[in-house]
Amino acid sequence: MSEMMADNENGRIGGELLSVDNITLRFGGVKALTDISFNINKGEIRSIIGPNGAGKSSMLNVINGFYKPQEGTIRFKGKNVNMKPDLAAKSGIARTFQNIALFKGMSTLDNIMTGRMLKMKAGFLSQAIYWGRAQKEELENRAFVEEIIDFLEIQSIRKTPVGRLPYGLQKRVELARALAMEPELLLLDEPMAGMNLEEKEDMSRYIIDVNEYFGTTIALIEHDMGVVMDLSDRVVVLDYGCKLADGSPDEVSSNQAVIDAYLGVAH
Amino acid sequence: MSTQTETNDTFPKLLRYNARVRAERPAMREKDLGIWQSWSWAEVYEEVSDYAAGLYALGLRAGDKIAIIGDNRPRLYWTLTAAQVIGAVPVPTYADSVAEEIQFVLDHAEAKFAMAEDQEQVDKLIDQKDHLPGLEVILFDDSRGLRDYNQSFLWNYEAVLEKGREFRTQNPEFIERCIDGRTGSDVCIMLYTSGTTGQPKGVVHTHDSVLITARNAAELEGLNERDEVLAYLPMAWVGDNIFSFGQSYAAGFCVSCPESSDTVLNDLWELGPTYYFAPPRIFENLLTTVMIRMEDAGKLKQRMFHYFMDHAKKVGVDILDGRSVGLMDRIKYGLGELLVYGPLKNALGLSRVRLGYTAGEAIGPEIFEFYRSIGINLKQLYGSTEAAVFITIQPNGGIKPDTVGVPAPDVEIKLSDRGEVLFTGPGVFKEYYKNPESTADTKTDDNWVMTGDAGFFDDEGQLKIIDRAKDVGQLNDGTLFAPKYIENKLKFFPNIKEVVAFGHERDYCAAFINIDLEAVGNWAERNGIAYASYQELASLPQVYEQIQAHVEETNRQLSTEERVAGSQIKRFLLLHKMLDADDGELTRTSKVRRRYIAEKYDVLIEALYSDKKNCRIETEVTYEDGRKGKLAADLEIRDAKTVAIGAGAAAQAAE
Amino acid sequence: MEALNALFVTPFVEIFDAPWFFMEVLTGGLMAGVMYSLVALGFVLIFKASGVFNFAQGVMVLFAALNFVGLMDAGVPMILAGIITIAIMVAVAFAIERFVLRPLVNQEHIILFMATIGVAYFLEGVGEMIWGTDVRPLNVGIPDDVFFVGDAMIQQSDLFAAVVAGFLVVVLALFFHYTRTGRALRAVADDHQAALSIGIPLNHIWVIVWSVAGFVALVTGIMWGSKLGVQFSLSVIALKALPVLILGGFTSIPGAIVGGLIIGAGEKVAEVYWGGFFGGAIEEWFAYILALAFLFFRPQGLFGEKIIERV
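Protein chains in written order, with the numbering used here: chain A, 34 to 300; chain B, 2 to 656; chain C, 10 to 320.
Hints are computed from structural coordinates only; laboratory data are not their basis.
Even glycine gets a Cβ: it sits at the ideal position worked out from N, Cα and C.
One thing to keep in mind: the hints can contain errors.
To be verified - Derived DEER-like restraints, expressed as beta-carbon distance ranges:
(1) C:103 - A:169: 56 to 64 Å
(2) A:273 - B:631: 37 to 45 Å
(3) B:148 - A:68: 36 to 44 Å
(4) A:68 - B:286: 42 to 50 Å
(5) A:199 - B:399: 41 to 49 Å
(6) A:68 - B:149: 38 to 46 Å
(7) B:289 - C:285: 36 to 44 Å
What the hints assert, rightly or not - In silico PhoX-like pairs for lysine-lysine, Cα to Cα no more than 25 Å straight-line:
(8) C:57 - A:117
(9) A:137 - C:57
(10) A:192 - B:613
(11) A:192 - C:57
Modelling step: build the complete structure from the supplied sequences, incorporating the hints.
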C-alpha cells in the first residue's frame, strides 16, 4: 500500500478510469458472473485473477462489449457505456486475446498497421482524390508503428506472415497491434498463457515498460499468481463468478478466503 | 597535397582527410525505425569533432581509457575516433559479456569513461560501479528506459554533443590542434582477447600497426570507396576493428549497422555488401538453410538445383579463378547463374560480394567450395589480435581449401624447430597492457610474435596450420602428431560429429569417433534401418563400414603430406555415447577436453593400443534433467588400412 | 475399340485439322467463362467477409438485371437506371444485414445458408411481382458485330464482356488492397474477433460487402442480359458458379476468375468435340463432373487456403 501511495505522489496513478458496478452475466441459466464491482484507476496495472472457470475472461468480454451483462453497468471515463466491441475500440479500449486473434495471412507490419485503422481519416473517396494526403497520413502512421516495433523489438519479423511465427512472438505482435491503437485502457487476456519462463519474463518486462513509457492503463487476466503479484498495483480475485477479494498484491495474497479458494488449490 | 596520404598516420587525420576528399560520400549507415539513415564523411567528421570536444569537456584526457559496450552502432564507432582525437584509448568490450567480465576488463584497463549502447549495458555498468573506483562517467546512446535514471555520472550522447559544441565555440582551434598533435606511434586501441586460459589480456595497438595493416590489405584486394560493408560482428573483436573501421577509413567505404542483431540476415539482403566477413559457422548455417529450403521445394526445382550445382562443382571454381573452361561449360554455367546461382546468392544477400573472408577456425572444404563454385570470391585468412588481423591471405587465383595462403603484404613468417609459426610485420602489437611477462613470452626483442599455432609451408609456399603448438606431440618413432589436424579432417565428413585422436608417446595413432546422430540417423531412416538410441546406431556394422571408409580416406590424404604422413589412424572405435559438456567431456564451447577424456576412458585407450577386437566399458552419464545413470557397452574396435609413407610421398613427388 | 477411338482419338484429330475452329470454340467458351467468373466473384466476396455461402447470388444477378431493364423499359435513361439499380441493391444489402444476418449472428453456417435460400426465393418473388415473367431483351449499346482473328470468328460483345470483367476485377483488387475500407474487409475476412477488437464495425462491413456483391451482380446481369435477354433462367445459369467455386476455392478472387474460365472453356470444348459421343448436351453437367474430379485431388481449390482441420 505504501508503494502505491508513492506512485500516487509521483502522479503515475490518477483518478478512476473505468468502473464496473454490480455486473451479473448469465448464459442461459448458468451464472458466469455474480454482482461484480471494482474499478480501474488511470495509469495503474490492474489484475483480475482466479482459477480456471472463475469468470475472468467473461469479465474482460463484458468490459470490452463482447458479452452483454443482464444486470449492472460499466462506466468508462465517467460515462455509462453499454457498447459493442467496435465502439469500445473507438472509445479507447484495446485488447488482446487468450487464443491470439491476429490476421494470420498478413505480415507483422500489416497487422500492426490495422491497429491504426481508426486513426486514419482518409475515406474511400478522399483517398482516391487526395492521393498525396492519404500517402502522407499512411507514412505518419507507419512511423508510429515503427516506434512500437522498435519498442517491442520485433524488427526482424516485420515482413513475416504472422501465421508462421512461434506462439510467443504472435503474442507480442498482438500486443503491438493493441498498442498501435494508442488505447487509454489496454485489456490483456492471459498474456503469458502457454509461454516458457523466459518468455514470461520478457512479456512482464514489456507490460511494465508499456505502462511506464506510454502511461497506458492496463487490466490483465492471469491465472499464474506469481507473475501477477510482481506486476500489479491492485488485484481482483474471482472465484466461481463471485468477487473474493480486491486490494494490493500483499493484501490479496494474505487474504484467507483467497488462500483457501485459490492458493491452497494445487494446480 | 600529394604528401597528404603520408601525413595521415592516425585515424582522426584520416577522417579529416576523407571529410575533405569524399565529403558527400556515405561513411556510415544505420537502419533505424525501418529506414536506412546515412551520414556522409563530412557529417561524421563534424559529429566526431563535437563528440571529442564534449568528451574533453567532461574530463577525458590523453592516455585515459574509454570502454565501449554494445552492438555495432554508429555512435559506438564514432566513440573510437572521438577518443583518438584527444589521444584517449578506446577499449571495446563484448556486448554479451556478463557484468563481472566487464568489470574485469574495465578494472584492468583502468577505464575512466564508458560508452554504453543502451539500458541493458548501463545496468551492467551501474551494477559494477562500486567495484570500479576509476570509472567516472558513463555515456549512453539509446535513452530508452533510462529516463528515470538520475545518477550524475550518467550522460546522454546528445548532451555530450551539446557540451562539445559549446566547448568548440569557445575553443575553435581545439579539434584541429588535437588532431595535428598526434602521430602514428601513439596508442590507437586496446583489444582484450578472450584467451582460452587465464584472464583476458589487453592487446595494445598503435595507429601505425592498425592503419598500415588495414591499408596494405585494402590495397592488395583493391578495396575502394564504393565498397559496402555490414558491421555485425562484435566491435571488441580485432576483425571488426579492421574490416568495419580501419579499412573503411583507409579505403573510404561506407559501413552499415544492422537494425538489431536479429535482423542481420535481412539487412544483409537489403544492403548487398561487396565485402563480407563471416566465421565458418555462419557460412555453414547459411548453407544448411539453403539445403533445408531445397528439400521443401518442388521436384522440378530440386532437380534443377542439383543439376546446376553439380555443374558448378565441376567448373565454378575454375571460372572464378580465371582458368580456361570450355565454351559449352561456360554457357551452361551462365545458364546456371541465371536460374540457380544468381537467385541463390540474392537470397543469401551475397549477390554483390566481390570479396569474402573467413577465418577463426577451419572451414569444411565442401562448404568452402560450395560458395566459391557459385561465384563468390571467398578466401581464408590467418590472423590474430596481436597481428591486427592479417598474417596470411589466400592469393587470388591460387586458393587451396586446406591452406591459409601466403604472407600478407610486408609480413614475414618463419617456423620454429617445433613447427610453431612466428611472424613479424607492421601489424605487430605494442604490448599486453600491464603484463610485461606475457609480452616477453609472446614477442621477441626483434619483434617476432609467437602465434602458438603449429604449421608448415606446402611446396607452393602456402601456409598450412595444423594445430595449437602445445597440443602437437610426437609418436614414439618421432613422427609429428597433430591431433586437431587429424580430427578436423575427419570431422569434415558429415557423418562424423566429434573425434578424439591419440598418439603422443604411443606407437601409432588411434581415435575415438562420435557419429553425427542427425546425418547417420537420416541415412538409417532412408534405408529402413531401425535403431532405438545413439548407442545402437553407433554399434551397427553398416555404420562402422561407412566410418571406416572415411578413416581410410583420411589416411590416404594424410599420406600425401610429408610432415603428417606418419600419423595415420591405425585403429578406431565408435563411442557408445555422445561426448557431452554435461559429463565434463566437452567445454561449454564444445571443445574436446582431451586430458579428462583420456582418464575417463583409459580402458578404451588401452584396448586401442592392444590387439583386442572389442572392449567393455561402463560409463556414468548425466541426463538432460540432471539425473545420473550408468551406460554399459561392448565396443567394437576396428583396424583401418593405412597407406605406406613411401607410396604417399612418391605419389606426391610424381604429381 | 470404336468407343475408345471416339473418345481419345477423333476429337484430337479434329482439333488439329481445324485449329481456327478450335480457337473459335475456345474463345467462345472463355467468354462464357467470364460470366461464370463474375457470379463466382460475388459468392467469394460474401463468403470471405462473412463466412456465408450466399445461395442468393444467382438471384441477385437476375434481380439487378430485372430492375435495370424494367427501369429502362419504363423510359428511365440508362445511366439513371444504373444508379437507381445500384441504390436498390444497396438497400437490399442493408435489409439483408438488418433482417437476416444480425438476428442470426453467431448461428451455425448451415442456418445462414438456409436463410440465403429464403432470400433467393424472396427476391425472385418480388422481381416477378413487380416486373412479371416475360423475357425482356436488353440493349445497352454493346457492339455485337463479329470480327475475325485468322479464321476464328469472335463476337465483339464477348470481347466487351471480357474487358468489362477484367476492369471490374482490377478495380476490386485496387479497392481491397489500397483503401481503408478494403483493408477492413480483408481484416474481417481473416479474423472476425480481431477485426472487432481494432474497431471495425462488422455490421457496416457486411452491408458494404453485400452492396459490392450487388454491384457485381448488376454488372453480370447487364452483360448476360444483353446476350440472352433478361429471363428467370438466368438464376439457374448462375448456379454454374458452384463448380467454379469448387475449382477456384471459396476464398480466392483469382481462383474465381481462373475457375470460371476453365469451366467455361472446358464445357464448350467438351460439348463440341465429345458431345456427339454422349448424345449431346453434356454442357449441362460437364462442369460438375470436372469439379468433382477436381475435388478429389485438391479439396481446397486451385488457389484456396489449405484446409487445416483442428482436432
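Okay, the hints, checked on the actual structure:
no.	hint	result
1	C:103 - A:169: 56 to 64 Å	34 Å, violated
2	A:273 - B:631: 37 to 45 Å	51 Å, violated
3	B:148 - A:68: 36 to 44 Å	42 Å, holds
4	A:68 - B:286: 42 to 50 Å	59 Å, violated
5	A:199 - B:399: 41 to 49 Å	46 Å, holds
6	A:68 - B:149: 38 to 46 Å	41 Å, holds
7	B:289 - C:285: 36 to 44 Å	59 Å, violated
8	C:57 - A:117	22 Å, holds
9	A:137 - C:57	14 Å, holds
10	A:192 - B:613	60 Å, violated
11	A:192 - C:57	23 Å, holds
Violated hints, listed in ascending order, are 1, 2, 4, 7, 10; each of the other numbered hints is respected by the structure.
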